[in-house]
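Undergrad: Chain residues, written in single-letter form:
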Amino acid sequence: MTHLDPSSTGLARRDFLKVSATAAAGMSLGFFWPTHGNAAETPKLNAWIEIQTDDTVIIRYARTEMGQGSRTSAPMLVADELEADWKKVRIEYATAHENLRTKRAYGDMATVGSRTIRNSQEYLRKAGATAREMLIAAAAAQWGVPASECTAALGKVSHAASKRSLSYGKLAAAAAKLEAPKEVKLKDPKDWKIIGKSLPRVDIPDIVTGKIRYGIDAQVPGMMYAAVAASPVFNGKVKSLDASKVENRRGIVKVLNMGEFVAVVANNWWRAKEALREVAIDWETGDNGQLTSAVIMNSFKAGMGQAELAVARNDGNTVQALGTAAKVLEAEYFTPYLAHATMEPMVCTAWLQGDKLDVWTSTQNPENTLAVAAATAGVAQDKVTVHPMQLGGGLGRKSPQDFTRQGVMIAKAMAGTPVKMVWSREEDMQHDLYRPASLVRFKGGMDNDGKVQALHIRVSAPSILATLLRLPLPKGVDGQAVASFNDHPYDIPNSLVDYAQRNTNVPVGFWRTVGHSQNPYMRECFIDEMALAAGKDPLAFRLANLGQKSPRDVAILQAVAKAADWGGPLPKGVFRGIAETEGYGSYTACVCEVSVSDKGDVKIHRVVIGIDPGYAVNPDNIEAQLQGSVVHGLSAIFWGEMTIKDGRIEQSNFHDYRMMRLNEMPVVKAVIAPTGGFWGGVGEPAQAPLAPALCNAIAAASGKRIRSLPLKNHGMSLKA
Amino acid sequence: MTTPPAALRRDWLRASLGATAWAAGRATFARVLGGALGLGSLPTAQAQGMLSGKLLSLSEMLDPIVAGAPVVRAGVHIETLILADNGLSVPFRVWVDSPMTAQDHVTHIWLLSQRNPVMVMAKIHVGPQMGRAELSTRLRLAGGQQLVALARLSSGQFRYELADLIVTEAGCVDGS
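So the protein sequences, as listed, match chains A and B.
The opening residue of the first sequence carries number 1 in our numbering; numbering runs sequentially from there.
The opening residue of the second sequence carries number 721 in our numbering; numbering runs sequentially from there.
Take every hint as true, because none was put in to throw you off.
Only part of the chain A face toward chain B is listed, based on derived beta-carbon distances under 8 Å: (1) E367; (2) A371; (3) V372; (4) A375; (5) G396; (6) S399; (7) P400; (8) Q401; (9) L468; (10) L471; (11) P472; (12) G509.
A few chain B positions that, by computed beta-carbon distances, are all more than 10 Å from chain A: (13) A787; (14) A789; (15) R813; (16) P819; (17) D824; (18) H845; (19) T857; (20) S875; (21) Q877.
Derived by calculation from the structure, the hints in this document are not laboratory data.
Since the structure is predicted, the reported quantities are computational estimates derived from the model, not experimental observations.
Just so it is clear, CB atoms sit at the ideal spot from N, CA and C, and this is done for glycine as well.
Pulled out of the complex, with its shape left as it was, chain B reads as follows (with noise of 0.2 Å):
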């Protein structure tokens, strides 16, 4: 059975209340949560059914690349689409907030996916001698979901956003 969007990404990100290791602020943690907060239950986040693989939660998909250093919900900004026609050619475009000086510099910008069989989509190193942190691509998507660009900074910091992406679908793609 597919369950709506909506409902994947609550249990999504009723999953990532389950997040550890986070040095995130209460302010940012907030912001990331939305709604979400006080739900209750903390489920682990399920494919439900869908065949295209396993939802990972926000700290699945992040955990493994922060591994313990402070990241934070702000100064990183996507462009994309809301409705994708289909999953094979997605545009999409990312940028971060920084001077890009030899000082303070995005080092690296990831492209995560919360569907796809590979989770880490793009990895993207950057430097001061870019002048901008920013990329455009086109991404391939197994069915609609949350992606995540996450960035790393000079400092050792993170910084990431999400967008909330629906590929539209041409047909019933649960196995029931």
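This is chain A alone, in the form it adopts within the complex (with noise of 0.2 Å):
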């Protein structure tokens, strides 16, 4: 059992900075610089970068991990422009709190969106670099040689001329004192000696051996356990509750009603849970409790025909173009509710110390945490500590900080103890924020030749950004309910795509790949649609109908056919389907082989699945993330929906939402292509295309057009 010290920050508590003018006005990401003369401290040549004497190099990292590797690949980038020895880099996270005290030193903590390499790959290089040349400066100024006949490789400063070289953990202690360089110019990336080599990640070790803490494994002396449950039809509230029948049970401690949820406090967190089952709750729910999947659908088929709609694309005259096209094609494909379902279920420890605050969660915004933790308990920001912790999955679900909110309320009802409030399965599977339906309307029109002259793409689903972040929409347009719709990259002169917002009494929220989860399986499925309409093969028609318009769309999908033998013989029975999506930065495509049998047996023979992320930090972890894609995407294709009935979901665990298993993991081929120039995201584009080049393949191998998920409804299975 590990205990956490609270007071741990990750940082020590002084340096930092000459924050000045430049801070204030936010141009000092990064680059806050120590204040010189502790020499008894290890040199800090800025946030991100401090030198032991040992040679060690410790760098920070300001985002968090949950396996998606970036806790490895982020680094990479500090270390390839430092010229550091990657043997002797050694990785901490930085926190929220220091972040906070240091003006956002560290900039955005969020990781959400696959964009910790692409949003701070500049910042985080240029950290890099400035160190460099601050240890290159040291080692001239010690020499009295000009720092141009000095090199920095592998952690050592050299001059070749007079043969003498020093580690830089000789140099960080002067090099800590030197003026920092205004510019520095990041390597060319032929030059690059860490970036783009396969390395293992830094937390794989403490994983399989059991040492990493993840946000469940808090354990705080003296520490007591929380069970909670909110009212089952969403947005409930607690009207009455009996716990007459637990209160004096051993180890029950309290039973709190917090109004929107009730919580059971006690010396073990089985015993919370047991006794909660028994509490009798009265929910107050109001009209909620009679909405179904049904009426949902009602409401979305109603979208369909509503009068005023958003307009997410315009593109030359749509209605018309149709109006005189030589083949109009017409389908209307569903995406179900997701629950993210991560392994580890929401979990928050807190403890209220006076005006004082200790979280620990598994959270994929730090920030927030602390944000939302000071406003819960109501102490200021500046008395909030927020633990690192690794995430036990993510998936777009620990980004919202209800279940920070809920552990704090705890908390601060507990004043003085410590108090770990742990989801069960059920409540985790049951108030999710889940990926949203949609329902999807495609119009296409073609000439005599299979060239697309008009699309029109209607969709009618709820809006996460206005129901979770209630932010405004520019024009009614939710950009996640139209992605992959509103920036097409097909060379249609007549696009138009519009949106009915249509908001239910259902949560929703982030799943990861988010509306790449389910357009690109409508548009490139519909795509498909035309290509057998026009008599023409599926890559080909794509290849037409992108032209000039899409290059890397056009080269990632010839790369990853060119890797699939797409046109190439198969055995009987064998079918493709191919299908290219671009998302999050990067272009990916895939192209899957099955066979289906008359009892709708799925086999799926092989995957090839590629993406284009311009450059490859870690090719390893790319490919990790591909297969992951495949693991993620396939259970939700299969059998991921989440249904409702009188208010609430009906699923509740995993043998109603069934994840997939590892004898039914199929043969997963990765293709990693970056053609440079551009820096995109790797964690969730590539679940794009699984779905479309899984069902086109169904399609071309059964005659089947699937156009609604999970296949579970079309009588199929997954066949091992």
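Reconstruct the complex from the two isolated chains, following the hints.
TA: This is the structure we're talking about:
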């Protein structure tokens, strides 16, 4: 059992900076320079880099780690420019409270949107390059030679002419006293030594030896445990509760009526959970108990006929072009609500001591956790410490902080006692922020040569941005609801995308790949329908309709088709499907090879899935993300759906929200095809082309066009 | 793609260099721009793909109101959060140094948003009868941004202060 020291901040509370006018102007991201002169402490060259006398280089990581691997790949960017010896690099978390204290020296900490690398690469590389130049300058000064004659490599600065060299550990103290260069030149990609290498993830040894501490593992001396229940009907409130059956039970400390939920606090979690089952709770649910999946579908259908729609894209004159097209196709697609079902359910340990609050939780955004915790407890933000923990899966669920709010509400009610709140699997399944369901209607018009002249896409779906974040929607469009439609890459002269915002009482949120988890499935299946109607090969049809407009989409499509030997011979009964997508700054494509039995058994013989992320920082990790996307994607494609009856989610655990099993995993061939010149995301985009490639292959094999997911509803199952 | 807030602010301040018709003194101007001076090019501030609207430059926010009158960054104070847990109800306090006499007082205070669909969040009429030029409110903000409190004095001069506020994200708000 590891006890976590609540006073641990991950950083010594000294130094940092001359907070000058630049700080107020936000110019100082990662470049808060240490104050000079405390020789007893390890020299910090900037917020990101600390070098010890034994040559250990400590690089800070300001995002969270949930299996996506960027705790390794983001520091690689720093280390490469620093010319560090990777074997001597140690990675430590930057913390939200330190970020607050330094007026956001570490910038954005949100680990969302596949953006750790693409949004921070520039300032991380600059941090490394700046420190490198300072180390070189320190060595040059010591030797009395021009800095231009010195070079840095593998954690050392060398002067070739005099055959002298000094390790970074010996130079760091002097270097930290130097003024940082205002401008640094970043390396040419051809000179990268660490970026582009397949390096093992730094957290793997601790994971496989059980040493890593996830949010759920937090242990604090004297800690109590809480089990919680919110209204099964969404947005219900506690009308009354009777805890008389459990209040005097052994180990039960308190039963809390928190209005929005009930918590049982006990000296172990199982006692709390079991007692909670016997607390009689009467919920006030109003009319919300009437909601069903059918009611929601009727609302979506009504959206299709809605008079006023938000227009997300309007090129040319689509209505007119559809009227004159030689061939017109129409189809309606549906994707269901999905739960994240992360391996580790929602968890929050909180300890309020006077005006001081400590929080241990699995969060995708420690700054959001800090702000929510402070607001909930009513303490000052600088009195809150958010302890970095590894996440047992995130998938977008652990970005909104509803669970932190609950945990801190309990800690406030139990002021002085640390309390670990853990959701049961059932609570987690039934109180998710679900991937929205979506109904989409396509109408496409082609000429006699199979060139698409007009495409009308109408989306009827809830808005995450309007309901969860309550953001204003420019022109009424939720960009996630229409993602991959409003920015489709096809060279179609007339494109109309419109949107009916149909919100329900089912809370929605960001599920890995968000709008790209569903819209590309529908788009690329409809493209296949048009290819079939035009009598064209699906790859040739796509290439012809992409034209010259989208060279990166074309490049990844061709790379994956080549890797899959598209058009080559296949065993009898095996068929292929293809799709290409783009999102999070990257370009992806997929080919699936399947056979389908008369009974509906789908055997996936091979998945060839590829990505062009611009630059591939850690190819092995990218391959893992592609494989992981197939695991996560196939579970959703075959079985994933959350249905609503009596205002609540019908599913409750993995017996009715099935995950793919180990023996069902198909062969995956990963194609990493970086074309350079840009930085794209990796964690999410590869999931997008899987569903359409698979459903297109199923259509080729069985003649059955799949216009809604999951496949189990079409009598199909995944054959191991 | 969502740009880190610091970069957004940098672009914004860069764009502010293009502000015209400012009567601000050189020293004041330098204070406003801080370390952003000398960055070279003057691109137009963009919303960087944010769905919640266009990021306005400082001049785009101030010019329509000050209309060429002298504007100085001094004497206005803001108290708000650094991190807001959400954008729905952000506490915000502003006060202006002023004797608030009949001869020398604040006439108006504007609360301006760089990112909200409606830039002028509030225009408050004040006068010597109030004794103090001060207000507390809660703001609804469409994401992290720079906020401006602008005060008009009875002399016709304008004064302002900026606040840098991050609305911590509860998810991925970029459309890509």
